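**Student:** Residue numbers (the working numbering), protein chains in the order written: chain C, 1 to 389; chain V, 390 to 762; chain F, 763 to 1055.
Hints are computed from structural coordinates only; laboratory data are not their basis.
The model shown is predicted, which means the values in this text are computed figures rather than measured ones.
Fair warning: there could be bad hints in the mix.
To be verified - The calculated lysine to aspartate or glutamate pairs, modelled on EDC-like cross-linking and capped at a C-alpha distance of 20 Å, are:
hint, chain 1, residue 1, chain 2, residue 2
1, V, K612, V, D590
2, C, K237, C, E292
3, F, K863, V, E448
4, F, K946, V, E448
5, V, K416, V, E400
6, V, K606, V, D418
7, F, K898, C, D282
8, F, K836, C, E381
9, F, K898, C, D281
10, C, K142, C, E311
11, F, K946, V, E556
12, F, K823, C, E381
13, V, K633, V, E717
14, C, K89, C, E311
15, C, K237, C, D196
16, F, K823, C, D376
17, V, K606, V, E556
What the hints assert, rightly or not - A few chain C residues that don't get close to chain F, going by computed Cβ distances all over 10 Å:
hint, residue
18, Y223
19, S226
20, E234
21, K244
22, V332
23, A359
Said to hold, decoys possible - Not the full set, but computed from the structure, chain F residues with beta-carbon under 8 Å of chain V:
hint, residue
24, L948
25, D950
26, A951
27, D954
28, S957
29, V966
30, P969
Backbone N, C-alpha and C define an ideal beta-carbon position, used for all residues, glycine too.
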Amino acid sequence: MADYEDARAGVFPRKKFMDLLKSYERGSISRRHFLGVTGLGAATMALGGAMPGLFTRPAYAEGDLGNQLSIATWPNYHNPDVLQEFTDKTGVAVDVNVFGSNEEMLAKLQAGSAGWSMFVATNYTISTYQQLGFIEPLELAKLSNYDAASQAQRFANEGMVDGVVYAIPKHWGTTGFILNTARVDPKIATWKEFWDRAMTDYTGRAIVHDYQLTAIGMALKYYGYSFNSVDTTELAKAEELLMKAKPHLFGITSDYQPPLRNGDAWMSLCWVGDAKQLNRDDPNMLYVLGAEGGEIWTDFFVIPKDAPHREAAYAFLNFLLDPAIQVREAEVAGYPLTDKRAVALQPAEVVNDPILNPAAELLSALEFGAAVTLTDPNRAEIIARFKSA
Amino acid sequence: MSDHGSVPDIEFRSASKHYGGVAAVEKFDLVVEAGTFLSILGPSGSGKTTSLRLIAGFEQPTSGDILIRGQSVTDVPPYRRAVNMVFQHYALFPHMTVAQNIAYGLRNQRPRLDNAEIARRVGEALELVQLPGFGDRRIFQMSGGQQQRVALARALVNRPNVLLLDEPLAALDRKLREDMQHELQSLQRELGITFVLVTHDQEEAMSMSDVVCLMNKGRIVQKGSAQELYDRPADAFVAGFVGKSNLIAGTATAADGTTASIVMDGIGRLSGQRTNQAAPLAAGQAVTLSVRPEIVAVVPSTQTLGQDLDIRLEGRIVNRIFLGDLTEYRIHHPVLGNVLARRSRQADGSASSFEKGDAVAFGWRSADVLAVS
Amino acid sequence: MTAALATSNEGRRKSVVTALLLAPTALWFFVLLILPMLVIIVFSLGERGPVGGYQAALTLKQYASLGSRLAAFKNTIMLAPAGTLISVLVAYPLAYFLAVKVSPRWRYGLLVLVVLPFWTSLLVRTYAWMFILSGKGLPALLAAIGFPEIQMINTPFAVLLGIVYAYMPLMVLPIFVSLEKLDKRLLDAAADLGSSPLRSFLTVTLPLSLPGVVTGSLLVFILLMGEFLIPSLLGGGKIFFIGNALVDLFLQSRNWPLGAAMSLTLVIVMLVLITLYVRLTMAASAGKSRSLP
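Just chain C, same shape as in the assembly:
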């Protein structure tokens, strides 16, 4: 929470209020939505850039690391105690900029001079970032806590381009849908049913992400197409479905926890972390991986080319890769880990949680987001048209 507070101190003047807000509607400010919608990620960015001394704290050890580090990440994605510990150890204060989506980060990078020393990126963006020269191969020699052998290869592979490691995983996860079984048929198991019921008996009760990858991907799934399709005919069908569904939707938002919790909405596209939180507070909340498939993803740490405070960034990344630290980070972020050494340290109920770690056969139908979806102009335009229709 504190990273969140730090980054947005100017916007929420009272920590108390936010705590209250959070306790009232836990998880109401979801990972991707809040700052994406408000553009505050960019605002804090500008603040951090314009006033580099703003977040600086007294250095504990004068070293080569400097005293400041700027990262871009998702909201609620880090353990504030971990950040503080790093600062205490090294004297480097971590200035956190939060963003709503990969697309938003890409927009920032394209606009030039983001000023980040490190940022997080979802699997499907890595190759594009590499091609555009936004990121550099990681100097693994500086990352003593990194052990390639302990990484689940399925996830770690997405961080490599031509065998070179550009990115190291932080978490992995799935995207499916959530049903409030107190209100809707618990037997809905496919994307086809999800969309059809959303437009008929559950009209006005379903939510679709404000996010091209999943909104379009899950519409493609309705027809059994690939989640990642960029085929114009298939995309046209997906757009048709989205447009047809729009009047029946409760909303198009990635901030779907509040309406699900207070009963306004009954079903929604859902990330596994949100699903876990919703289910923990209300057992009626059922997380489903659509039978046709869906998304599996990995989030990575990457270091931008010509990163400022580069040594500090490596020190920070190495610190975060410590298995014990990874576990503490996961406690806050709520997503599963890819590093076997860290998983071994996690409590059994986390490792065996059926929501976080579904059976292997359920995972097999899922697809990693493909790089092409990030830059495909049709997908960008379809999601924009869907929202503005």
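Once you've looked at the hints, dock chains V and F against the given chain C.
**Tutor:** Just chains V and F now, kept in the frame of chain C:
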């Protein structure tokens, strides 16, 4: 106007207006006969504007009653009263043209007047105040004097029974003010309706009105013609407020029905004619002598005052104000302080002029002095 | 001769001083208004780059595809004026009450209360409305008194409510100022000339406070035309303003040329609407008294 016979246009019956316990107008009794030009005169804070606002209906009396043409209007809102007002600073509508301002009241009349009738009457009103052809001007394009006339036209066009004027000339320069005084007077005679004018300027009140009603501290002090107020002031306040006067306060040493005397150290006995002979006055009571500047004679100290003057004093000129036909002198006397004297211009202009510091002899006839209690 | 020289030197020095004093403003205008405008014009004639952003070109096709955002234009052009109008209707009585009816002793204290919400972030206040309008908020209360199944959040109503709530202080202040400086003697004069209180209000108070209404309306309207926060939070992504479309084009789909074309179109639409509005209200205030019944 005489068509209503003996019914007065306005009547205050023991009307009082209090603001949170403070009396602005106290036990006001006043009858204004139809066709009168009445001035309500008084210093600021005397309650004169409040009394006008009571007639217009902007204020309601705390007690007592107000009648317009014999009808109690206490519960009648301002927009239903057959009186119109010319406001201090005019209160013209800045977003309207001159003609629209004047037509404003006509458009409120029921039954409705048609546009041609309104235009005709607006034209008449503009003629009346000598502003023909100014109808399309905006208010801010008009001079102060012109705005004054528009305000007058805006009120008169409604043919009110009574026209109320609240310090209408205060914002005008002297020349314009004098012209307007004459115009108002002749307008009132021409139209024959009752004018009630509020002013703090005694000259204005004296020069225009048939009846002056002098107020002080919420009460009527004296009501009468200008000459009555000047010649027979009811008390020292009136004597001091109406016209200039040298007031000499003291304790009556002797008094009868017609005269009163006081004794001043170093001067001796001073006396004057009582103005309010009805009021009893006995030795030992306070009395004020009013010596008008025009009865004070002044000669160089080397000369002798006229034989008819029974009071003879000496002093020194401390100030001189040239008023054209008159010259006003301030003479210092060791007991009386500064005494004001006015001398009219001599035909040859020679001996009349004193300089500051000149030693002079001055005096007056006791028969010309007023004694007010 | 020397005197003439001195004065001409004086004149030159004066003009240098004037130029120096004006320089920051001129620079401000150039760097922050003219230059970005030129950039936007250039961008709007370009093409989206292969991975987004801008690619140089000279084409009008961005303008041709503005139609795909027609709904956003329509929403904005319907809801922004509606929000402005409702703001006037709500703010006017409040401003009138404060400026005319309340005793001066309380006036400024109450005025501070009107502005007080500005001390908290609009984001937090809009989030509060999300809770109030959601299923467990007002609709639950309405259900308790017999009006079940009323959805408020994610409707045009919620967006309107949100924008009126957020921008009303901006409307109240200018109206308050124009009403407060209104000469109360004019109302006495109107009453004296036979106007009932209602008629005095319509013929004197209202036209004379119109400048405040116009100022407030422009303030609110201009902000509403660029609004994106409230529609996205209270409209649930279903009621899309031009502002939302622009955020989307620049921050998500990275189609800068289309975004530039839309921005420019928005500016032009606003200029046209504002010109019309000012013309009409000025004509109305000038013609007001002429067209009295």
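**Student:** All hints are to be evaluated individually against the structure, with a verdict given for each.
**Tutor:** Hints versus structure:
1. A hinted pair counts as satisfied when its Cα atoms are at most 20 Å apart, and K612/V with D590/V qualifies at roughly 16 Å.
2. About 17 Å separates the Cα atoms of K237/C and E292/C, which keeps this hinted pair within 20 Å; it holds.
3. Restraint check for K863/F and E448/V: satisfied, since their Cα atoms lie roughly 17 Å apart, inside the 20 Å limit.
4. Using a Cα cut-off of 20 Å, the hinted pair K946/F and E448/V holds, with the two alpha carbons roughly 14 Å apart.
5. Distance restraint check for K416/V and E400/V: the Cα-Cα separation of roughly 12 Å lies within the 20 Å cut-off, and the hinted pair is therefore satisfied.
6. Proposed proximity of K606/V and D418/V is supported: the alpha carbons are some 15 Å apart, at most 20 Å.
7. Distance hint between K898/F and D282/C is fulfilled; the C-alpha atoms sit about 16 Å from each other, no more than 20 Å.
8. At roughly 19 Å between alpha-carbon atoms, K836/F and E381/C fall within 20 Å of each other, so this suggested pair holds.
9. Using a Cα cut-off of 20 Å, the hinted pair K898/F and D281/C holds, with the two alpha carbons roughly 17 Å apart.
10. Proximity of K142/C to E311/C is assessed by CA-CA distance (about 9 Å); at most 20 Å being required, the pair is judged to hold.
11. A threshold of 20 Å between alpha carbons decides the hint, and for K946/F with E556/V the separation of about 17 Å falls inside it, so the pair holds.
12. A distance of roughly 14 Å separates the Cα atoms of K823/F and E381/C; the hinted pair therefore holds under the 20 Å criterion.
13. The hinted pair formed by K633/V and E717/V meets the criterion: a straight-line CA distance of about 11 Å does not exceed 20 Å.
14. A distance of roughly 15 Å separates the Cα atoms of K89/C and E311/C; the hinted pair therefore holds under the 20 Å criterion.
15. Restraint check for K237/C and D196/C: the C-alpha separation of about 15 Å stays at or below 20 Å, so the hint holds.
16. Simply put, K823/F and D376/C have alpha-carbon atoms about 19 Å apart, close enough for the 20 Å limit, and the pair holds.
17. Pair hint K606/V plus E556/V holds up; C-alpha atoms about 18 Å apart against a cutoff of 20 Å.
18. Non-interface status of Y223/C relative to chain F is upheld: no Cβ of that chain comes within 10 Å, the nearest being about 23 Å off.
19. With a least CB separation of 21 Å from chain F, S226/C remains clear of the 10 Å interface cut-off, as annotated.
20. The claim that E234/C is not at the interface with chain F holds, since no C-beta of that chain comes within 10 Å of its own (minimum 19 Å).
21. Distance check for K244/C against chain F: the nearest CB is about 14 Å away, which clears 10 Å, and the non-interface claim stands.
22. With a cut of 10 Å on Cβ distances, V332/C stays outside the contact zone with chain F, its closest approach being about 22 Å.
23. In this structure A359/C is separated from chain F by more than 10 Å, as the shortest Cβ-Cβ distance comes to about 33 Å.
24. Taking 8 Å as the C-beta contact cut-off toward chain V, the hint placing L948/F at the interface holds, the least distance being around 5 Å.
25. Using the Cβ-Cβ criterion of 8 Å, the hint placing D950/F at the interface with chain V is satisfied: the shortest such distance is roughly 5 Å.
26. Contact between A951/F and chain V, as hinted, is supported at the beta carbon level, the nearest pair being about 4 Å apart and thus within 8 Å.
27. Interface restraint check for D954/F: the shortest CB-CB distance to chain V comes to about 5 Å, inside 8 Å, so the restraint holds.
28. For S957/F, the suggested interface contact is upheld, since its CB lies about 6 Å from the closest CB of chain V, less than 8 Å.
29. With its C-beta approaching chain V no nearer than about 6 Å, V966/F sits inside the 8 Å limit, and its interface hint holds.
30. With a cut of 8 Å, the hint placing P969/F at the interface with chain V holds, because the nearest CB-to-CB distance is about 5 Å.
In this structure, every one of the numbered hints holds.
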